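K.L.:
Residue numbers (numbering that gives the first Met the number 0), protein chains in the order written: chain E, 0 to 234; chain B, 0 to 108.
Hints listed in this document are in silico derivations from the structure and should not be mistaken for laboratory results. Bear in mind that the values here come from a model prediction, so they are computed numbers and not experimental data. By construction, the Cβ of each residue, glycine as well, lies at the ideal position given by its N, Cα and C atoms. Treat each hint with caution, since some may be false.
What the hints assert, rightly or not - So, partial list: chain B residues that the calculated Cβ filter (under 7 Å) puts toward chain E:
| # | residue |
| --- | --- |
| 1 | Ala-53 |
| 2 | Arg-71 |
| 3 | Phe-93 |
As the list claims (entries may be wrong) - Which bits of chain E does chain B cover? Going by a derived footprint, with three or more residues having C-beta under 8 Å, they are:
| # | segment |
| --- | --- |
| 4 | 35–48 |
| 5 | 106–118 |
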Amino acid sequence: MSALLRLYPRAWRERYGDELVALLEDRPPSPLDLVDLVRGAFDARLHPQLPGAQPVTPERKDPMSDRVPGVTAIGGGLLFLAGVVMIGLAPLPQFDGYRETGLALPAILLGLPLIDVALITAAVRRRSGAWGRVDTWLAIVAVGSTVVSMTGWPGLLLGILTLIAVTATVFARYLREAGASSWVVAGAVVLTVLASSANTEDDRIWLMAPIGLLAVVFGLLSALRPRPSASVEPA
Amino acid sequence: MSADLGDLGRFAEPSLLILVSLSAGPNHGYAIMEDVEAIGGSRIGPGTLYAALARLEARGLIEALPPEDRRRPYRLTGLGATTLRAQLEGLEGFARTGLRRLAGGAGLA
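Generate the whole structure from the sequences, applying the supplied hints.
P.N.:
Laid out in structure tokens, this is it:
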């Protein structure tokens, strides 16, 4: 149990650790409680809520953390674009066959989950930092599918298909939560699936470029947007 | 003046249940869990309980009392009581409207 509690930040443990241990002694935790505790530890690290010490909302406490979605989107977008450009400019083979893509595919496969995570983080911040279960799973699957895709065939196909599905889902969720109409959301999903499914062995690779470009533009707008001044919690 | 529980996201509902539990008097974590289960029929996990307690305390809706053998009781503050009253009145109005419409029968097939 002490190993589990160590997942919580030190300041949190100093404040609530003893009483939580006492509670767990009174009521031994079920497997679901253990999952809940792990989730609570992540929450305590992402949104510290210690009373008295921090009257400022955590989302606004650190201007750098406010820029995380923007910086991540720019990084992911540039990585993705680099992969597209590497493939797009590579010479076509004289005979039938694939283009030599080298590091391009890994760059694309690393860029896409970064874009996904940036959008998920931006959506969470839009909801005043309320991190939902779906957000967590989308981020895990986005990163996990990239790892799977690096394992070679058939993981490559499975990972790419999963990544495309997750990316389309993340785009749809972000647009819907931003108030976009159903038609815009549906159009974005179709275009995302079509673009990210583009064949990488010929010039259709350039169809993927808008994903990276949009991510960079989104990241720049997000990172350069003026920050609201620190707000104090109602007390 | 009352605070808005809506900005607590997924912790809004557990927080409301905790405030209702504490409206009966100061209580510590384990007793709050048991009480919430009894009055709300839903179980709050220990991680969720303390995440919600920390948020309520940070917002001044509850306050911690001196610990008794590692078990620290919490009690409602004035702001907590006002907030709970506003929330419950809102829910009461919402329930009344729903029941009235249901009684009218216009929405039935």
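K.L.:
Now tell me if each hint is right for this structure.
P.N.:
To see whether the hints hold, each was checked on the structure:
About 4 Å separates the beta-carbon of Ala-53(B) from the nearest beta-carbon of chain E, less than 7 Å, and the hint is met. The restraint placing Arg-71(B) at the interface with chain E holds, with a minimum CB-CB distance near 5 Å, inside the 7 Å limit. The criterion of a C-beta within 7 Å of any C-beta in chain E is not met by Phe-93(B), whose closest approach is roughly 21 Å, and the hint is violated. Three residues within the 8 Å Cβ limit are the bar, and the segment 35–48 of chain E against chain B gives 9, so the coverage statement holds.
For the segment 106–118 of chain E, the proposed coverage by chain B is not satisfied: 0 residues have a C-beta within less than 8 Å of a C-beta in that chain, short of the threshold of three.
Violated hints, listed in ascending order, are 3, 5; each of the other numbered hints is respected by the structure.
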